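The listed protein sequences derive, respectively, from chains A and B. Going from the first sequence to the working numbering is simple: count from 1 and add 2. Going from the second sequence to the working numbering is simple: count from 1 and add 555.
These are calculated hints, taken from the structure and not from any lab test. Wrong hints could be hidden among the right ones.
What the hints assert, rightly or not - Calculated pairs, BS3-like style, for lysine-lysine (alpha carbon to alpha carbon, straight line, at most 30 Å):
| hint | chain 1 | residue 1 | chain 2 | residue 2 |
| --- | --- | --- | --- | --- |
| 1 | A | Lys-200 | A | Lys-180 |
| 2 | B | Lys-648 | A | Lys-67 |
| 3 | A | Lys-44 | B | Lys-843 |
| 4 | B | Lys-561 | A | Lys-63 |
| 5 | A | Lys-8 | B | Lys-587 |
| 6 | B | Lys-587 | A | Lys-44 |
| 7 | B | Lys-828 | A | Lys-63 |
Stated by the list, open to error - Anything over 12 Å on all C-beta distances counts as not near chain B; from chain A, calculated:
| hint | residue |
| --- | --- |
| 8 | Asn-54 |
| 9 | Lys-63 |
| 10 | Ala-80 |
| 11 | Ala-84 |
| 12 | Lys-93 |
| 13 | Ser-105 |
| 14 | Ser-122 |
| 15 | Asp-161 |
| 16 | Pro-181 |
| 17 | Asp-218 |
| 18 | Ala-223 |
| 19 | Trp-257 |
| 20 | Ser-283 |
| 21 | Gly-325 |
As the list claims (entries may be wrong) - Per label pair, the in silico range of CB-to-CB distance:
| hint | chain 1 | residue 1 | chain 2 | residue 2 | range |
| --- | --- | --- | --- | --- | --- |
| 22 | A | Glu-127 | B | Asp-689 | 42 to 48 Å |
| 23 | A | Asn-139 | B | Ser-818 | 36 to 42 Å |
| 24 | A | Val-15 | B | Ala-627 | 53 to 59 Å |
| 25 | B | Thr-854 | A | Ser-131 | 55 to 61 Å |
| 26 | B | Asp-689 | A | Val-15 | 36 to 42 Å |
| 27 | B | Ala-627 | A | Glu-127 | 34 to 40 Å |
| 28 | B | Lys-685 | A | Tyr-115 | 53 to 59 Å |
| 29 | B | Ala-672 | A | Thr-89 | 45 to 51 Å |
| 30 | A | Leu-4 | B | Thr-854 | 43 to 49 Å |
Keep in mind that this is a model prediction, so the values were computed, not measured. Here a beta-carbon is modelled for each residue, glycine too, at the ideal position from N, C-alpha and C.
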Amino acid sequence: MLKLLKQHWFVLVVILFFVCAVVYYTYDKNKDNLPGKSVDGKKVVYSVDDTNVTADDMYTKLFDKYGDTTLLVDFKKAVLDAKVPTTDDMKTAAQSLVDQTVSYYTTYYGSSYGLDYLNSSAVSEGYDSFYDYVLYNKKNDKLNSDFVNADLDTYYTADFIAKYKPHMISYVLIKMDKPSAPTADESQRLADAQAAWKNGTYSYDNFADFAKTYSDDSSTASKGGVFGYLDTKSSASTTFVNAALALHAGEVSDWVYDSNYGYFLIACTSDSIDDFKTDDSFIASVLDNNQGLSGKIMWQAAQDLGVTFASDDIQASIKKKLGIDQPAASTTEGSN
Amino acid sequence: MRKILKITLAVLLGLAMLTGCGDASATLSDKKSALITVGKTSVTKEQVYDHMVTADAAKTVILQATASVLDAEVETTDAMKTAAQAKVDSYKKQFGDNFTTYLQYLGYSTEQDLYDASLNDERASALIDKYITDNWDSLVTKYTPIMAKLMYFEASSYSSTEAAYQAAGKALDEVKAGADFATTAAKYKSSSTLAAEQLYTRETESLDYNVLQFMTTATTPTLSTVIANEAVDGYYIVQITSVNIEQYKSNFVSYLKGLTDMSNTVNAFYFTKHNFTIYDITTYNLVKSNYAAYLVQKTGPKTTSTSSN
Chain A
3 MLKLLKQHWF
13 VLVVILFFVC
23 AVVYYTYDKN
33 KDNLPGKSVD
43 GKKVVYSVDD
53 TNVTADDMYT
63 KLFDKYGDTT
73 LLVDFKKAVL
83 DAKVPTTDDM
93 KTAAQSLVDQ
103 TVSYYTTYYG
113 SSYGLDYLNS
123 SAVSEGYDSF
133 YDYVLYNKKN
143 DKLNSDFVNA
153 DLDTYYTADF
163 IAKYKPHMIS
173 YVLIKMDKPS
183 APTADESQRL
193 ADAQAAWKNG
203 TYSYDNFADF
213 AKTYSDDSST
223 ASKGGVFGYL
233 DTKSSASTTF
243 VNAALALHAG
253 EVSDWVYDSN
263 YGYFLIACTS
273 DSIDDFKTDD
283 SFIASVLDNN
293 QGLSGKIMWQ
303 AAQDLGVTFA
313 SDDIQASIKK
323 KLGIDQPAAS
333 TTEGSN
Chain B
556 MRKILKITLA
566 VLLGLAMLTG
576 CGDASATLSD
586 KKSALITVGK
596 TSVTKEQVYD
606 HMVTADAAKT
616 VILQATASVL
626 DAEVETTDAM
636 KTAAQAKVDS
646 YKKQFGDNFT
656 TYLQYLGYST
666 EQDLYDASLN
676 DERASALIDK
686 YITDNWDSLV
696 TKYTPIMAKL
706 MYFEASSYSS
716 TEAAYQAAGK
726 ALDEVKAGAD
736 FATTAAKYKS
746 SSTLAAEQLY
756 TRETESLDYN
766 VLQFMTTATT
776 PTLSTVIANE
786 AVDGYYIVQI
796 TSVNIEQYKS
806 NFVSYLKGLT
816 DMSNTVNAFY
826 FTKHNFTIYD
836 ITTYNLVKSN
846 YAAYLVQKTG
856 PKTTSTSSN
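In isolation and in its complexed conformation, chain B is listed as follows:
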């Protein structure tokens, strides 16, 4: 029995010691090597490494990881190389004798560095194209893009809400009777911008909820009835001009590429696909602070810390 107790105690202590483990810290294999010794003080490789990591590790890791992802996903074409060189040439032409100074201002040491960065920009753009192509169906489902024209009759522009409704009804009848949409919009002082054919998606923030509901459920080019604005007193007429994505594919691609978070979405997608994983808590925290969108790994601390195992 005493033996069992001893074994049990040893197991418990062993397990308890494990609880002291913290986040992983990736250290150099020869971290104690002295690079410089002044008197009795040594500047070690670890010391220099730690300073460099704090200064720039996050950027370096993301740039290198991005390059790895691009290597795996995008073929570098002659057109990309030409475009990158053209960018370098334009800077050289623009800044003349100050080109070297400008390079340093941009954070590049050499002209080659600028070329490499420009080429990576081209490849990153191609990666977004690839993402859109590869995820076309899900993107169409998510955004539900359609082409449409709108007229808007705001009650405050009329003597009453009822008057605005009446005007919308008259305009709708005229369009049904064959009147030109833009001409009718102008006649009723509705915005010419709204009256022009545009791409709308489920994510178009300026659209009223009721209009959005009509648009996203339409399966054929349709003229709406008078639609009440849900938020403000006013009425819409919607003419859906096309629901065939092939007819406005380029518009939708431009729209997607113009989304502010598209770059982050693409990066997250491909960094996940290629299993980008950080195993060093300092680098993890730096990337989390500066490039959070790239941090796709499932394992990691809920709160930041700097302990090592």
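Isolated chain A, as found in the complex:
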């Protein structure tokens, strides 16, 4: 052995060098890592004196407080992932809404309330990001829309029409900072628009051209004044909504004075269900008119897919959150 060592002493020195180098490297890489701890095979989250609180203990504690809400979010996500394919249109719409929301929040609440804030809020609700939250809402809208449209006669009734007065509208706005005391320029722009409308150059048939030429509304002018679906549930100003909903398809209102915005000219482009049956605002009004329908649609989708629960308590929790009245009869339900 000694002879062998003498013969290969240089190789052994090299080996020793590498061993030392790797040992040091290993120590250096791990010295700042957070150490773990296990008790009776269970991983510990934290300890105070001799009391160890395991992840299992934390789960129980957190579940008492957040279990129902968290389960519902994860249940909905599972249903929506299986039932509603994510389309490129949804992704585009979701990203657009994220951008708009970030812009709104930073404008009105300050730079601290940008995307990071929205992401943080969404993550605390059980979503990966704010975009993820918005995308799931888009998928939920699609689920609701498909359900309502599959049985439209049940939801689009004479009572609904009388209560919500659904309309598709376009409008032109001559915007004024202080409508009660318009500036000379604002008065002139109003006079020009009114004259153009009155002299017959424009009418209902080329209302879009009129809007593109005269409207000051940044969100609709470039689209030919198209606003889309409007009903009594709208959050637009009462003056505007009342004037719009008094119209029939093909009609244009008189100039409507609104003390906050200026003067509107409103056209009703349709009151036919075919033109708004998939509109999110229409679906929202249907859900508004049928309390609990949203939960029922989600539950029905889960049933169609086949759903099982680990316990009656979990099933009861989901049903309660969805507003489903059925009593929890058994541990499993549906097929899997």
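Since the structure of chain A is already known, use the hints to place chain B on it.
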């Protein structure tokens, strides 16, 4: 020789693999259990746990750990229970029919939750008292509290720096001759607030360095000479009225309890004493972000990461 090389190579590889280990992550013992299965998709216990941890683990850990520390350090008295109940009752009276809504606004599910939180507040206050009592001597040494009255003669209020110095000298002579300190201060238009007896400590930020030096080295009630303001042209006269801490103990206790970082100091002290240690990197990072003062353990990452071992 070949055998030695093989063994060496195996050892090196083993050690090298250890370098891949990261921060610890505390996972559930049955993390893969499905709570809900929809079609082919399962919602696992781990998934739900991870969401709940992100939502609130830091707060829950700190509240629970605080409760453990309080259990070990503070006896819950009837007076504390009465005070906690009084707080609940006052909310009920104030909000009437809206009490339940207000509870939710505050983040409590039930009236009992509010009572428990109020009782913990009482116990936390008692813990601060205990900390002050247990660390009295070191706190007195650290803050060097004394009671004193001051007069200040700012040069800008006089025709010159010299005039301010002269005025301070005259005022000092009058006080030495027996004139009332406050009356003399008023005569020379020095602040009546400064002229009133107050508690000063080594940490009193408004005090000039030279004044602070005089105060912290005084061992008996003393009248100073004219002290030049180090930062601005002006002069002080300081009358130390007491250096016997027993005579103004309550003032000093109130001062300590009013310090903005006292709560953090106390928490750090007792969390260290009771060896509060986190063994999960996600919780560690969340506590670091939201309750940094409670993070007293010596072991832990210098930078945050989310890998698991």
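For each hint, the structure was consulted:
1. A:Lys-200 <-> A:Lys-180: 25 Å, holds
2. B:Lys-648 <-> A:Lys-67: 27 Å, holds
3. A:Lys-44 <-> B:Lys-843: Status holds; Cα separation ~24 Å.
4. B:Lys-561 <-> A:Lys-63: Violated, at about 51 Å.
5. A:Lys-8 <-> B:Lys-587: Violated - the C-alpha atoms of Lys-587 of chain B and Lys-8 of chain A are around 57 Å apart, more than 30 Å.
6. B:Lys-587 <-> A:Lys-44: Roughly 15 Å separates the two Cα atoms, so the pair holds.
7. B:Lys-828 <-> A:Lys-63: Holds. Lys-828 of chain B to Lys-63 of chain A sits at ~25 Å (cutoff 30 Å).
8. Asn-54: Since the minimum Cβ distance to chain B is about 9 Å, Asn-54 of chain A lies within 12 Å and the statement is violated.
9. Lys-63: Non-interface label fails for Lys-63 of chain A: nearest chain B Cβ at 6 Å, not farther than 12 Å.
10. Ala-80: 4 Å, violated
11. Ala-84: 4 Å, violated
12. Lys-93: Non-interface label stands for Lys-93 of chain A: nearest chain B Cβ at 20 Å, farther than 12 Å.
13. Ser-105: The assertion about Ser-105 of chain A holds, with a minimum of 26 Å to chain B.
14. Ser-122: For Ser-122 of chain A, whose nearest Cβ neighbour in chain B is about 9 Å away, the distance does not exceed 12 Å, so it is violated.
15. Asp-161: Non-interface label on Asp-161 of chain A holds, nearest chain B Cβ at 33 Å vs cutoff 12 Å.
16. Pro-181: 38 Å, holds
17. Asp-218: 41 Å, holds
18. Ala-223: 42 Å, holds
19. Trp-257: Given that every Cβ of chain B is farther than 12 Å from that of Trp-257 of chain A, nearest at about 45 Å, it holds.
20. Ser-283: 29 Å, holds
21. Gly-325: The claim holds: Gly-325 of chain A sits with its nearest Cβ about 18 Å from chain B, beyond 12 Å.
22. A:Glu-127 <-> B:Asp-689: 42 to 48 Å: 43 Å, holds
23. A:Asn-139 <-> B:Ser-818: 36 to 42 Å: Cβ of Asn-139 of chain A to Cβ of Ser-818 of chain B: about 41 Å, so the range 36 to 42 Å holds.
24. A:Val-15 <-> B:Ala-627: 53 to 59 Å: Given range 53 to 59 Å: holds, Cβ gap about 56 Å.
25. B:Thr-854 <-> A:Ser-131: 55 to 61 Å: Because 32 Å falls outside the window, the suggested range is violated.
26. B:Asp-689 <-> A:Val-15: 36 to 42 Å: For Asp-689 of chain B and Val-15 of chain A the Cβ distance comes to about 58 Å; the hint is violated.
27. B:Ala-627 <-> A:Glu-127: 34 to 40 Å: Cβ of Ala-627 of chain B to Cβ of Glu-127 of chain A: about 36 Å, so the range 34 to 40 Å holds.
28. B:Lys-685 <-> A:Tyr-115: 53 to 59 Å: Violated - the Cβ-Cβ distance for Lys-685 of chain B and Tyr-115 of chain A, about 41 Å, lies outside 53 to 59 Å.
29. B:Ala-672 <-> A:Thr-89: 45 to 51 Å: 47 Å, holds
30. A:Leu-4 <-> B:Thr-854: 43 to 49 Å: 44 Å, holds
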